[in-house]
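> Letter by letter, the chains look like this.
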Amino acid sequence: QQPVQSPQAVILREGEDAVINCSSSKALYSVHWYRQKHGEAPVFLMILLKGGEQKGHEKISASFNEKKQQSSLYLTASQLSYSGTYFCGTATVYSGGGADGLTFGKGTHLIIQP
Amino acid sequence: EPEVTQTPSHQVTQMGQEVILRCVPISNHLYFYWYRQILGQKVEFLVSFYNNEISEKSEIFDDQFSVERPDGSNFTLKIRSTKLEDSAMYFCASSEAGPIYGYTFGSGTRLTVV
Numbered sequence: 001q002q003p004v005q006s007p008q009a010v011i012l013r014e015g016e017d018a019v020i021n022c023s024s025s026k027a028l029y030s031v032h033w034y035r036q037k038h039g040e041a042p043v044f045l046m047i048l049l050k051g052g053e054q055k056g057h058e059k060i061s062a063s064f065n066e067k068k069q070q071s072s073l074y075l076t077a078s079q080l081s082y083s084g085t086y087f088c089g090t091a092t093v094y095s096g097g098g099a100d101g102l103t104f105g106k107g108t109h110l111i112i113q114p
Numbered sequence: 001e002p003e004v005t006q007t008p009s010h011q012v013t014q015m016g017q018e019v020i021l022r023c024v025p026i027s028n029h030l031y032f033y034w035y036r037q038i039l040g041q042k043v044e045f046l047v048s049f050y051n052n053e054i055s056e057k058s059e060i061f062d063d064q065f066s067v068e069r070p071d072g073s074n075f076t077l078k079i080r081s082t083k084l085e086d087s088a089m090y091f092c093a094s095s096e097a098g099p100i101y102g103y104t105f106g107s108g109t110r111l112t113v114v
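Residue numbers (the working numbering), protein chains in the order written: chain A, 1 to 114; chain B, 1 to 114.
In isolation and in its complexed conformation, chain B is listed as follows:
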């Protein structure tokens, strides 16, 4: 069964450092998403991406965050200057055709900011 692949699985970084989280969505999917989940809490929407541009973003997704699809397969989330409160599990998801199809989530990257 097709999978969404995320790397790395764990990342520890110092406050103020930049991190890039990587995702390889399912190949025939057109819609890509980043979500985050602080330990024990709900899954929070960050950003959606379609046709090589951001289509929607949440209040969490401020100027410190950016997304890119640098080539035909990777989808990245960059946090420019990490803060302690950015510590969370970050999930990438993809969908064949937006919210009328189910999302397939990757296994996540656990980001710890120290």
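Okay, chain A solo, but in the shape it has when bound:
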């Protein structure tokens, strides 16, 4: 079952902040975040594993609330290069050798205006 992302789209001015949410009805082992620019492949941003943690990547960070099975991606002081579609991908089981494919949400379109 695919994770649910919100909002579907965000329009920001350069320098503003954004939060993108991802929730699942299933117990998650890991949450991935990817950014995809038009006509390009998704690019890995970060991964959060169960246990509830927060990670950062430059001005982009994310958190994972294991109790709520929710993850949020935080974009601070957004730059024009942040424009794109952000996907969360969730893995519900990691069978210690089994390769479970990620299920992606429908994506959040982020538009950064000068």
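What the hints contain is simulated information worked out from the structure, not anything from laboratory work.
Any given hint could be a false lead.
[Stated by the list, open to error] Heads up, simulated BS3-like pairs for lysine-lysine below, C-alpha to C-alpha not over 30 Å straight-line:
1. K57/B / K37/A
2. K106/A / K83/B
3. K59/A / K106/A
4. K26/A / K57/B
5. K42/B / K68/A
6. K50/A / K57/B
7. K78/B / K42/B
8. K78/B / K37/A
9. K68/A / K57/B
10. K26/A / K42/B
11. K78/B / K67/A
12. K59/A / K57/B
This structure is a prediction, so every number in the text was calculated from the model and none was measured.
Given the structure of chain A, go ahead and fit chain B onto it with the hints provided.
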């Protein structure tokens, strides 16, 4: 930086024809995946492959689809009898160790079935 390489970048085929999409994953990665993305929609999981066998597949991955790792470097997706609805961007991805590591996506093959 290591890349996942996909060929061809574009493929046009007639309905009912067989197509083979090729991928060269990153050399030290052990987990391989195929995803597809219909224009403007989310990235959909097709199949995961580990230790020379399919470990998980989605409902989309029916009998018309097959995957192979014919040698130590290539990973292929075959569609036996293409349908119009198979038109999509097909992404290959690889991961060092499953969903606890980020996936690296190839640049995709745009398949158009006419």
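> Against this structure, judge whether each hint is valid.
Hints versus structure:
Of the supplied pair hints, the one linking K57/B and K37/A holds, its CA atoms being roughly 26 Å apart against a limit of 30 Å. Distance restraint check for K106/A and K83/B: the Cα-Cα separation of roughly 24 Å lies within the 30 Å cut-off, and the hinted pair is therefore satisfied. Under the criterion of a C-alpha separation no larger than 30 Å, the hint pairing K59/A with K106/A is consistent with the structure, at around 23 Å. Proposed proximity of K26/A and K57/B is supported: the alpha carbons are some 18 Å apart, at most 30 Å.
In summary, the hint linking K42/B to K68/A is supported, as the alpha carbons are separated by about 23 Å, within the 30 Å threshold. Using a Cα cut-off of 30 Å, the hinted pair K50/A and K57/B holds, with the two alpha carbons roughly 23 Å apart. Between K78/B and K42/B the CA atoms are separated by roughly 22 Å; this keeps the pair inside 30 Å, and the hint holds. Proposed proximity of K78/B and K37/A is supported: the alpha carbons are some 27 Å apart, at most 30 Å.
The suggested pairing of K68/A with K57/B holds, with an alpha-carbon distance near 27 Å, which does not exceed 30 Å. With a C-alpha separation of about 19 Å, the suggested pair K26/A and K42/B falls inside the 30 Å cut-off, and the hint holds. Proximity of K78/B to K67/A is assessed by CA-CA distance (about 41 Å); at most 30 Å being required, the pair is judged violated. A C-alpha spacing of about 35 Å is found between K59/A and K57/B, which places the hinted pair above 30 Å, so the restraint is violated.
When held up to the earlier numbered hints, the structure conflicts with 11 and 12 and fits the remainder.
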